[in-house]
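*Asks:* Those protein sequence lines, which keep their order, are chains B and G.
Using this note's numbering, you'd call the opening residue of the first sequence number 8 and step up by one each time.
Using this note's numbering, you'd call the opening residue of the second sequence number 8 and step up by one each time.
The set of hints was computed from the structure by calculation and includes no laboratory data.
It is possible that part of the hints are untrue.
As the list makes no split between identical chains, a pair holds if one copy fits it or if it spans any two.
[Unchecked claim] Straight-line distance between alpha carbons at most 27 Å, and here's what the computed DSSO-like set of lysine-lysine pairs gives:
#, residue 1, residue 2
1, 66, 560
2, 80, 526
3, 80, 560
4, 66, 155
5, 526, 560
Protein chains: 2
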Amino acid sequence: MHESSPLRLVIIGGVAAGASAAARARRLSETASITLIERGPDVSFANCGLPYFIGGEIKSRDALAVQTPQTLKAMLALDVRTSTEVTAIDRVAKHVRLRNLASGTTESLPYDRLVLAPGAVPLRPPLPGIDDPRLFTLRSLQDMDRIKAAAVAARRVTVIGAGFIGLEMAEQFVHLGKQVTLVELTAQVLPPLDPPMTLLLEDELRKHHVDLVLGDSVTAFEAGPALACRLASGRAVEADLVVLSIGVRPDTALARAAGLYLGPRGHIRVNGFMQTSDPDIYAAGDAIETTDFVTHEPAAVPLGGPANRQGRLAADHIFRPATTQPYPGALGTAIVRAFAAAAGLTGWSEQRLRAAGRPYRTVTVNDNHHAGYYPGAQPILLKLLWDPATGRILGAQVSGLAGVDKRLDVIATAITGGLTIDDLAQLELAYAPPFGAAKDIVNLAGFTACNTRDGLVTPVDELPADPAVQILDVRPPALVQSHPLPRAGALNIPLGVLRTRLGELDRTRPVVTVCALGKTAYFAARILAQHGFQVSALTGGIRAHFDPRSPAKLPAP
Amino acid sequence: MHESSPLRLVIIGGVAAGASAAARARRLSETASITLIERGPDVSFANCGLPYFIGGEIKSRDALAVQTPQTLKAMLALDVRTSTEVTAIDRVAKHVRLRNLASGTTESLPYDRLVLAPGAVPLRPPLPGIDDPRLFTLRSLQDMDRIKAAAVAARRVTVIGAGFIGLEMAEQFVHLGKQVTLVELTAQVLPPLDPPMTLLLEDELRKHHVDLVLGDSVTAFEAGPALACRLASGRAVEADLVVLSIGVRPDTALARAAGLYLGPRGHIRVNGFMQTSDPDIYAAGDAIETTDFVTHEPAAVPLGGPANRQGRLAADHIFRPATTQPYPGALGTAIVRAFAAAAGLTGWSEQRLRAAGRPYRTVTVNDNHHAGYYPGAQPILLKLLWDPATGRILGAQVSGLAGVDKRLDVIATAITGGLTIDDLAQLELAYAPPFGAAKDIVNLAGFTACNTRDGLVTPVDELPADPAVQILDVRPPALVQSHPLPRAGALNIPLGVLRTRLGELDRTRPVVTVCALGKTAYFAARILAQHGFQVSALTGGIRAHFDPRSPAKLPAP
C-alpha cells in the first residue's frame with residue numbers, strides 16, 4: 008500500500024514510546040507521512056531525569072530535552088503537533104479528531120496506521136485535601152518546574168510512596184537541605200523487593216536523616232500554615248511541600264472510548280507486535296499490557312526501557328511486518344539509587360511467586376563487588392529465585408554500594424537465555440581486580456543454589472522461634488561480642504575449632520548455623536551434616552536479615 | 008569406595024585451581040584425607056593482584072594471601088605441604104613421589120584420586136642476555152617481591168609484551184614514577200582484541216607518557232650500566248629493570264612424564280569432568296586444555312575465573328560423579344584496566360573468526376555508559392560479532408572509561424544462553440539515570456546488528472581507498488573543521504539538511520557516510536538508500552577507527 012500512496016502514520020504521545028516509534032518509522036520510510044501528536048508542550052524528554060534536575064544534580068534543563076519539535080522536524084521530517092489533544096478516534100473512517108489546546112481549533116487527521124503512546128498519569132486518590140496547591144505529582148517537565156519552584160521556600164518536605172520515584176525524590180530533597188519525611192504504606196521501602204533486601208536502602212535513608220514512616224498511609228491532607236498529612240496511625244506530618252508518588256494508572260480513556268480491548272486495570276491489550284484489538288492501531292509504553300517474560304501471562308510494566316523498544320517494534324511491524332520478531336515479554340528489570348546505596352530486581356520476587364502459588368526456591372548471598380584484596384571493594388547482596396523443577400532462574404534482587412546494576416543485568420540476560428542455576432555457577436564473567444572476582448557473586452549464587460538443590464545445605468531465612476532448635480553462631484568471639492545476634496541463647500563456636508568442639512552441641516536437636524555473611528555458616532553446616540546433625544544455615548547471614556552493615560571480620564586494631 | 012575406607016585425595020598445586028579443589032573436596036567429605044602439595048612457599052594467593060602490590064595500590068602484602076597453610080589446616084583440615092615438589096607420579100601403584108625442597112627429604116604418598124593444578128610458567132625465550140639479573144617475570148609472590156625491590160632504584164623500566172599483565176605492569180610503573188617503555192610484537196596493545204578496539208588504551212598509555220613501541224620485538228639483551236633491549240627494528244631501549252610478560256606455557260613436565268595425554272601445545276587434555284586420560288587423575292587451571300564454549304574445539308584459556316571453577320568441578324566429580332554437570336567450555340572473557348580506560352573481550356574476535364574461516368558479521372557502536380543527560384556519562388565502544396546463519400552472538404569487545412565490565416558480562420551471559428542479535432535488541436537491562444540508558448549500548452548493538460542483517464544498512468570498517476567512492480561526512484561543519492577526517496576529499500552535508508541537498512551527490516557513484524560515532528552516518532545512509540543511492544556507513548564512526556576521543560558535538564561556547 009505505501010508503495011502506491013505514502014502511508015499516513017499518526018502517533019499519539021511524543022515521549023518515550025511515541026518518539027521511538029516516530030524515529031524508527033522514518034528510518035524505515037522516507038515517504039511516509041508521520042504526524043506526532045503530544046498533549047504537552049514537550050516531546051521526547053528524559054522523564055527519568057526529572058528528580059535529578061529538581062535536586063540540582065542535572066544542572067541544565069536543556070539536557071532533559073532529548074529532542075525538540077524543531078530537531079524532530081529537521082532530522083526526521085516529522086509533522087510535530089505539541090499542545091494538541093486527540094479527542095476521538097474514528098476507527099471506521101480511520102481518522103483522529105485533534106484539538107489545539109492553545110488556540111482551541113479542531114481538525115480531523117486521517118491515518119492508515121495509528122500508534123497510541125499516551126503513557127500513564129500519577130495516581131491521586133480522592134482524599135480530603137488532595138487539591139491543596141502544596142501537593143504535587145511528578146510526570147512532566149512542567150510538574151518538575153512547579154516542584155522545583157515550590158521547593159525553594161519549603162523547609163519540610165513529605166514524600167508519599169517509597170517506590171522508585173519516591174526514593175529518588177527523597178534523596179534529592181535531602182541534597183537540597185530539606186527536612187524529609189518518607190511515608191510508605193508497606194512495612195519497607197521499594198515494595199517490589201522482598202522485605203529484607205531493602206534493609207540497606209532504609210539504613211542509608213535514615214543515615215541521611217530521612218524520617219522513614221513505614222506501614223502507614225495518608226488519610227487526609229489538612230490545610231493550615233503548613234500542609235498536614237494525617238496518617239492512618241493517627242500521626243500527622245506537617246510539610247511545606249508534599250510529593251505524591253504512589254504509582255501511576257494508564258492514560259487510556261481515548262482507547263477505551265474507541266472500543267479497543269483493555270485489560271482488567273485499564274491497560275491497552277496488545278499482541279506481540281504491539282497491535283491492539285484493531286490491527287491498524289498499535290500501542291506501546293506505560294499505557295499497555297504486554298506479557299510477562301517468565302510466565303507469558305499479561306503484565307503491565309511501566310518502565311522507560313520497554314517503552315522505547317516497544318515503540319520501535321511497533322514501527323518495525325508497520326513497515327516490515329514479515330521480518331519483525333515479536334516482543335519477548337517484560338522482565339520488570341528496575342534499579343534505584345538512594346545516596347550511596349542501590350537496589351533493584353529482575354524477574355519474579357518471592358512475594359509474587361508465593362502469591363501466584365508458583366513453586367520456587369531461593370538463596371541469598373553476600374560478597375564484595377570486586378576482589379576483596381583490591382582497594383575499594385564494597386559489599387553486595389544478591390537474592391536468587393529459581394524453579395525447582397527445571398533449575399531455571401526466575402528472578403533476582405540485588406542491593407549494595409557498587410556493582411548492583413551489573414549483577415541485575417547479568418541475571419536479566421540469564422533469565423532471557425533460560426539459564427539454570429548450574430549455568431550461573433559456571434558463568435565466565437570478566438575478572439581483573441578492579442572489576443570482579445575469580446568467583447563473582449553471580450557464580451556464588453549459582454554455587455549456593457546448586458548446593459541447596461543437591462541437598463548439601465538447607466537454607467533458612469529466619470532464626471527459628473522454636474527453643475528446641477540450637478542456634479550456632481560460628482563467628483569469631485570478638486565479633487559476636489561487638490555485633491551480637493538480635494536473639495539471646497545462641498551458642499558461639501568459631502568455625503576454625505568446630506570440629507574439635509562438636510561435643511558441645513546436642514545431637515538430638517536441630518541446629519541452625521549463623522554467621523555474618525552466610526558463607527561460614529554454610530561451611531559449618533557441611534561439617535555438622537557430615538557428622539550426623541540435622542542442620543540448616545541462615546541464608547545471607549546477619550547482614551541480609553538484621554544489619555546490612557554487619558562486618559565479616561573486625562577491623563585490624 | 009570412600010564409604011568403606013576414607014578416600015585419599017592428593018592435589019598438586021595450591022593456588023587457584025588446586026586450592027578450590029581442596030576447599031570443595033572438604034565440603035563434600037569430612038572423612039577424606041586431603042593433601043595439598045605446593046612447590047612454592049605460598050598457597051591460595053591472589054596472583055591477579057601482584058601488579059597492584061608492586062605499584063602500591065594494594066598496600067598490604069597480607070591482603071594477597073587469600074589463605075595460608077595455617078588457615079587451610081584450621082578451616083579445612085588439610086595436610087598442606089608447601090615448598091614441596093612432586094617428582095613423579097606412579098599411575099600403576101597410585102602414588103606420587105615428593106621431595107621437600109628445604110630439607111631435600113623424599114617421600115611416597117599414595118592416592119585414590121589425584122588433581123593436577125600445576126599452573127603455567129612465564130615464557131622466557133632463549134635470547135642472548137636472557138639471564139641478566141635485571142630481567143624479571145611475574146608469577147609468584149617471590150617474583151613480585153623481587154620486582155618491587157628492584158623497582159626502588161630503577162629509573163627506566165621496559166615492559167616486554169602488551170598483553171593483560173604487561174599493560175597492568177606498565178600502568179603500575181607509571182604510578183611509581185618510572186619512565187616506562189612498552190614493547191609489543193604486534194601493531195597494537197592487547198593482541199587478543201581486534202586492532203581498532205585498542206585505540207583508547209593506546210591513547211591512554213601515551214597520555215601517561217608510556218613510550219609505546221608497537222610492531223617490534225626484542226632480539227637480545229645487552230648488559231651494561233643499563234640493560235639494553237635490542238629490538239628487531241634496530242632500536243635499543245635502555246632500562247634499569249625489564250619485565251618480560253609475553254605469555255605463559257603450561258607447567259606439564261610431570262604430566263607428560265606420567266604418560267597423560269597432552270594437547271599440541273603441551274596442555275593436559277581433560278574431559279568435561281576435568282579427568283585426564285587416566286580417569287583417577289584430574290587436572291584443572293592454566294595447565295589444561297578444555298573446550299571452547301562456542302565451537303567445542305580444544306582451547307587453553309589460562310585465566311583465574313575458569314581455574315577456580317574447574318578445580319571446584321574436579322572435586323565435585325570425585326565425590327559426587329552422578330550429579331556433576333560437565334564444564335561448559337571457556338569463553339575467554341577477560342578485561343584489563345590501563346589508567347582511566349578499560350578494555351576486554353568475550354568469545355571470539357574477528358581475527359580468530361577470520362583465521363578459522365568461520366562465517367561472521369560484525370558492527371561497532373558507540374554510546375555513553377549511562378544516560379547522556381545525567382552527569383558523568385563516559386563514552387563506551389562495543390564491537391559485536393555474530394553468526395550470520397543463526398544470528399547467535401559469537402563474541403564482543405568493549406572499550407571505554409566506565410561500564411566496560413558490565414557490558415562484557417552481559418554479552419558473556421548472552422553467549423552462554425545462545426542469545427541472538429534479536430534477543431540483544433530486546434534485552435531488558437536495569438535503567439535509572441546513574442546506571443544505564445533506556446536503550447543501553449547492548450541494545451544498540453543488537454539494533455544495529457539486526458539492521459545489518461535485514462539490509463537496512465551496510466556497515467564498512469574503513470574509509471574506501473577507491474576515489475570513485477564518495478565519502479560523505481554528515482557531522483556539523485564546525486566539527487568537521489575542528490576535527491577533520493584523516494582523509495581529504497570528503498563532502499560535508501550535515502544530517503539536518505541532507506534531504507534538501509541530495510543533488511550535491513553523484514547518484515551513479517557509491518557513497519560511504521561518516522560521522523563521529525556511527526549513528527548519524529546510519530541515519531544518513533537510510534535517507535540515501537531510500538533515495539536510490541548505493542550507500543554504506545562507517546561502523547563505529549571516527550571514534551572507533553581514528554580518534555577514540557573524537558567528540559560527537561562541540562562543547563557549548
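*Asks:* Which earlier hints turn out false for this structure, listed by number in ascending order?
*Replies:* Per hint list: zero violations.
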